[in-house]
Amino acid sequence: MPVSYRQVSDWIQAFAAAVAENREYLTELDSAIGDADHGINMNRGMQAVLGKMDSADSADIGALLKTVGMTLVSTVGGAGGPLYGTLFLQMGTSAAGKSDLSGDDWADALAAGVAGVQRRGKAELGDKTMIDALVPAVEAVRSALAEGDTLDEALRRSAEAAQGGMTATIPLVARKGRASYLGARSADHQDPGATSSWLLLRTAAETLAAKDS
Amino acid sequence: MPVSYRQVSDWIQAFAAAVAENREYLTELDSAIGDADHGINMNRGMQAVLGKMDSADSADIGALLKTVGMTLVSTVGGAGGPLYGTLFLQMGTSAAGKSDLSGDDWADALAAGVAGVQRRGKAELGDKTMIDALVPAVEAVRSALAEGDTLDEALRRSAEAAQGGMTATIPLVARKGRASYLGARSADHQDPGATSSWLLLRTAAETLAAKDS
Amino acid sequence: MKKLINDPADVVKEALQGVAEAHADRLRVMTDPNVVVRADAPVQGKVGLVSGGGSGHEPMHGGFVGVGMLDAACPGEVFTSPTPDQMLAATKAVNGGAGVLHIVKNYTGDVLNFEMAADLARDEKIEVEAVVIDDDVAVQDSLYTAGRRGVGATVLAEKICGAAAEQRRPLGEVAELCRKVNANSRSMGMALTSCTVPAAGKPTFELGATEIEIGIGIHGEPGRERRQIAPARDIVGMLATPIVDDLPFQSGDRVLAFVNSMGGTPLIELYIVYNDLYRFLADRGIEISRNLIGPYITSLEMQGCSITLLKLDDELTALWDAPVNTPGLRWGA
Amino acid sequence: MKKLINDPADVVKEALQGVAEAHADRLRVMTDPNVVVRADAPVQGKVGLVSGGGSGHEPMHGGFVGVGMLDAACPGEVFTSPTPDQMLAATKAVNGGAGVLHIVKNYTGDVLNFEMAADLARDEKIEVEAVVIDDDVAVQDSLYTAGRRGVGATVLAEKICGAAAEQRRPLGEVAELCRKVNANSRSMGMALTSCTVPAAGKPTFELGATEIEIGIGIHGEPGRERRQIAPARDIVGMLATPIVDDLPFQSGDRVLAFVNSMGGTPLIELYIVYNDLYRFLADRGIEISRNLIGPYITSLEMQGCSITLLKLDDELTALWDAPVNTPGLRWGA
Ligand SMILES: Nc1ncnc2c1ncn2[C@@H]1O[C@H](COP(=O)(O)OP(=O)(O)O)[C@@H](O)[C@H]1O
Ligand SMILES: Nc1ncnc2c1ncn2[C@@H]1O[C@H](COP(=O)(O)OP(=O)(O)O)[C@@H](O)[C@H]1O
Ligand SMILES: [Mg+2]
Ligand SMILES: [Mg+2]
Ligand SMILES: [Mg+2]
Ligand SMILES: [Mg+2]
Numbered sequence: 048m049p050v051s052y053r054q055v056s057d058w059i060q061a062f063a064a065a066v067a068e069n070r071e072y073l074t075e076l077d078s079a080i081g082d083a084d085h086g087i088n089m090n091r092g093m094q095a096v097l098g099k100m101d102s103a104d105s106a107d108i109g110a111l112l113k114t115v116g117m118t119l120v121s122t123v124g125g126a127g128g129p130l131y132g133t134l135f136l137q138m139g140t141s142a143a144g145k146s147d148l149s150g151d152d153w154a155d156a157l158a159a160g161v162a163g164v165q166r167r168g169k170a171e172l173g174d175k176t177m178i179d180a181l182v183p184a185v186e187a188v189r190s191a192l193a194e195g196d197t198l199d200e201a202l203r204r205s206a207e208a209a210q211g212g213m214t215a216t217i218p219l220v221a222r223k224g225r226a227s228y229l230g231a232r233s234a235d236h237q238d239p240g241a242t243s244s245w246l247l248l249r250t251a252a253e254t255l256a257a258k259d260s
Numbered sequence: 048m049p050v051s052y053r054q055v056s057d058w059i060q061a062f063a064a065a066v067a068e069n070r071e072y073l074t075e076l077d078s079a080i081g082d083a084d085h086g087i088n089m090n091r092g093m094q095a096v097l098g099k100m101d102s103a104d105s106a107d108i109g110a111l112l113k114t115v116g117m118t119l120v121s122t123v124g125g126a127g128g129p130l131y132g133t134l135f136l137q138m139g140t141s142a143a144g145k146s147d148l149s150g151d152d153w154a155d156a157l158a159a160g161v162a163g164v165q166r167r168g169k170a171e172l173g174d175k176t177m178i179d180a181l182v183p184a185v186e187a188v189r190s191a192l193a194e195g196d197t198l199d200e201a202l203r204r205s206a207e208a209a210q211g212g213m214t215a216t217i218p219l220v221a222r223k224g225r226a227s228y229l230g231a232r233s234a235d236h237q238d239p240g241a242t243s244s245w246l247l248l249r250t251a252a253e254t255l256a257a258k259d260s
Numbered sequence: 132m133k134k135l136i137n138d139p140a141d142v143v144k145e146a147l148q149g150v151a152e153a154h155a156d157r158l159r160v161m162t163d164p165n166v167v168v169r170a171d172a173p174v175q176g177k178v179g180l181v182s183g184g185g186s187g188h189e190p191m192h193g194g195f196v197g198v199g200m201l202d203a204a205c206p207g208e209v210f211t212s213p214t215p216d217q218m219l220a221a222t223k224a225v226n227g228g229a230g231v232l233h234i235v236k237n238y239t240g241d242v243l244n245f246e247m248a249a250d251l252a253r254d255e256k257i258e259v260e261a262v263v264i265d266d267d268v269a270v271q272d273s274l275y276t277a278g279r280r281g282v283g284a285t286v287l288a289e290k291i292c293g294a295a296a297e298q299r300r301p302l303g304e305v306a307e308l309c310r311k312v313n314a315n316s317r318s319m320g321m322a323l324t325s326c327t328v329p330a331a332g333k334p335t336f337e338l339g340a341t342e343i344e345i346g347i348g349i350h351g352e353p354g355r356e357r358r359q360i361a362p363a364r365d366i367v368g369m370l371a372t373p374i375v376d377d378l379p380f381q382s383g384d385r386v387l388a389f390v391n392s393m394g395g396t397p398l399i400e401l402y403i404v405y406n407d408l409y410r411f412l413a414d415r416g417i418e419i420s421r422n423l424i425g426p427y428i429t430s431l432e433m434q435g436c437s438i439t440l441l442k443l444d445d446e447l448t449a450l451w452d453a454p455v456n457t458p459g460l461r462w463g464a
Numbered sequence: 132m133k134k135l136i137n138d139p140a141d142v143v144k145e146a147l148q149g150v151a152e153a154h155a156d157r158l159r160v161m162t163d164p165n166v167v168v169r170a171d172a173p174v175q176g177k178v179g180l181v182s183g184g185g186s187g188h189e190p191m192h193g194g195f196v197g198v199g200m201l202d203a204a205c206p207g208e209v210f211t212s213p214t215p216d217q218m219l220a221a222t223k224a225v226n227g228g229a230g231v232l233h234i235v236k237n238y239t240g241d242v243l244n245f246e247m248a249a250d251l252a253r254d255e256k257i258e259v260e261a262v263v264i265d266d267d268v269a270v271q272d273s274l275y276t277a278g279r280r281g282v283g284a285t286v287l288a289e290k291i292c293g294a295a296a297e298q299r300r301p302l303g304e305v306a307e308l309c310r311k312v313n314a315n316s317r318s319m320g321m322a323l324t325s326c327t328v329p330a331a332g333k334p335t336f337e338l339g340a341t342e343i344e345i346g347i348g349i350h351g352e353p354g355r356e357r358r359q360i361a362p363a364r365d366i367v368g369m370l371a372t373p374i375v376d377d378l379p380f381q382s383g384d385r386v387l388a389f390v391n392s393m394g395g396t397p398l399i400e401l402y403i404v405y406n407d408l409y410r411f412l413a414d415r416g417i418e419i420s421r422n423l424i425g426p427y428i429t430s431l432e433m434q435g436c437s438i439t440l441l442k443l444d445d446e447l448t449a450l451w452d453a454p455v456n457t458p459g460l461r462w463g464a
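Chains as they are written, first to last, in my numbering: chain G, 48 to 260; chain V, 48 to 260; chain U, 132 to 464; chain E, 132 to 464.
Hints in this document: simulated from the structure, not taken from any laboratory.
Ideal Cβ positions, reconstructed from N, Cα and C, are used throughout, including at glycine.
All the given hints hold, so there is nothing to weed out.
Selected chain U positions facing chain E (Cβ under 8 Å, derived; list incomplete):
#	residue
1	LYS133
2	GLU145
3	ARG364
4	GLY395
5	TYR405
6	TYR409
7	ASN422
Produce the entire structure from the sequences given, and follow the hints as far as they go.
Quick look at the structure:
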């Protein structure tokens, strides 16, 4: 069963709720290797997104995702704003005009979003950034679908991969973002952006799964 | 036996030692109802005095006391500087030209010094200042001598009176000096200046007493 | 005690060396006794303005020496008024034949030392007038006490009298103007944290994690009352209400609003305080026509702020706007 | 958390209201999106200078808007870079037909947001150049990382480029000058205490009673190493040695020495630091020909300081001396 517009909007709201719930936690992680604002910033942005939801065109998933992206760009600031903004903007372009998404549509949109983040931020896998959670998530959903998994299964594996990527950032020495200023002292800390990206994929698995499964 | 030049200079050195010893204590008292510098200021001044001692005319007690006063005026600052400076300057004027002091000479000099402090600072008995230690000390030495006590005895009673005046400042509400800004909150604290004045009279009793008693 | 200092005993000496090295173009720093003096002093025919007080309030007073403000400042030890020999040396250094005005904050130590200095200067035939600043409404005034403390109005008086002296006004007029500024100014301060006198090595007073001190003095003297931390707009009410009621400042008045940092409070907070003060005064029909916002009369690293209001007329406004060129205050030059 | 604020969520909004009320004569404050802009913007035929960054560094950047310095500043949330829509609005507001220069501190967030804004502005046919400031030697530079942070040199670049823009120099030249200032500047900072982001409510990092952080970032990012408190002259050595070695600054060089307070360190300590820096440089034959001492690029109430050295030539010196009239920096006007 394809992902409906309604499910995508549920996902955005679930992500907003997860960010709100983990506001202190994300800020905590950012205070260890950054500047103690990631949770605050992302929460400010996602709350603004909630305010814009209804105003978005009520059938076009692409339009919805673009609204989310534009709102994040103009309300989050920091590195997180342009990066998450770009993620949603590119997903929106990929899903433009669609009122529901097949498994491959979802995988394409996510891949386009992550590619956008990499173009904007120039981070490689292993730089201790959100990329370390996002890239494995894309690969996982793709191979799951290729192996004939259901979308629900693919979303679950994608979220797991994001979580794995997130925990894998702990030993890493940051090469991008504010954490890179710490050099070796950035090791042994989990990257805040990778953590918020895991929340993004986890809530996707929770909300985009077929209602009748 | 009269007080010798040597004894007066012993007194100054003993007072300097007592101030150095009680530097933290006096500052402590001043931090409760003032600005935490009385011990620091008085110690800076008395250390400077020690440096000037030898340079003072080696027979004239008046000249010695004036040097002490001038040095305190130019090194102590705050309220303590002009007040203790005036005390010694006026004592010096009273003892001008003398190479030793009879009991009455000493009482006259001390009275002149304290009168100078009152002219300069306009404090009354009970205003919670050094006056509360100094005025009783003058009265005590005078009446002791009037009652025929030895100078040693008179000095002891003078120091006791100063100590009594000092402790009597504890319940008082300050009407002069920095402590007066506190109004009622200045009560239940011992006045730092009255405390340094007690040290002045205590060391006098210790050093000016006849050597053969 | 964590401070950017060397030996605590050398704090004033080394800071003055830094001032001398940094501002040789405008200032000269004399040592034993310590005096910060205008490079071009004495200015012939101009009234000389001398102020001074304990160190630890920077930029006051040394940072206000220059064209359009003070001719000399006497820095004492930290929080300890300077000594008569410093004030005498300053008075002689700036006497351009038109007499010298001593601007004295009302603290027993400052008053007594400046009195001794004025006596000595008059002995040397220098015409000296002294004006005592006492604008702090936190302290109940009374004939039988040391009276109110001198705080924020000192900065305003030094600027305004400095401008008048540049106009070559005579000593009597400049002194009268100084009394006018003092009479029309009221101040009150508060502290979020204590401060540590380097030579003492520990905080002058202790404040709990949620406590603030209302009516704090600039030497860390405890104030009117201890309260729990409150929103800025409430704190502004606690400071501005007694200020406005005391003069009183009334609807239709134009004022100079001076929002001062005690040293450790950053600008972003001062602007929030200013915003709340602006509304507080607007509600009462009082218009802010000039302002000064920043750390100008500080208490070492103490966190907190003070508010000073000066009722303006055209004369005071024009003198405030006149050019000033000092390390601490500069415009129009 | 004890601060002079109301709701932590309103800190930036209310501080900007205070700025608008206090400086209406020189500044205009636009809201959603937040931009502080010169009252007379756009100045026809003049290159527009736009900077911006997280709030909490006051007076930078909003306090540097005015004649001879910035045309507009974009204040982000506390320690959070502003957003492209703010930068676009600022760019449009100051575009006088001669193009706009974006002065960007090298933080991923600032760089990415300014990049997005520049793309949007170019879509609207506004000529935009961006220069990234990265003067902090505390961070090891490398092609594979985010590189060095932009700190104190930003203030110097904004002043110097502002003067060049007033001379109506073309965009390319002003941008080149900005790169020149950056290339000849090196900085390093240290912290005695942490700071508290209002929305976070607790200190960004913890420092022990005798610990200091060497190489601290202006957002409380941990620095190079943690050490025990030391005399000011040793701390100056820890900061100035890597600065001097990096450029390198050599005997015979004339420099602008900028001793900056992190926000909570008072002037008296900065002058002691300046005195020690003066001696440190004199020992190496480096002459301080200009200086700036005070809180200009701060980290909320953090105690500590930073040192920035800029190697001067006649052109840079003349542009530094040119008149500037902003709330945070003012002379010659
Ligand atoms: N160049 C980059 N590419 C991808 N992600 C990045 C990059 N730089 C930083 N990030 C991510 O941004 C996160 C920090 O976001 P945030 O705290 O909101 O921004 P800031 O560092 O400006 O305060 C980091 O944890 C990291 O995952
Ligand atoms: N008007 C006065 N007359 C007499 N003694 C005074 C007067 N004012 C203050 N004192 C004394 O000075 C003491 C404080 O001295 P000190 O701390 O050295 O000066 P400051 O208050 O200027 O810091 C007070 O404890 C009090 O005894
Ligand atoms: Mg962050
Ligand atoms: Mg005292
Ligand atoms: Mg004192
Ligand atoms: Mg940030």
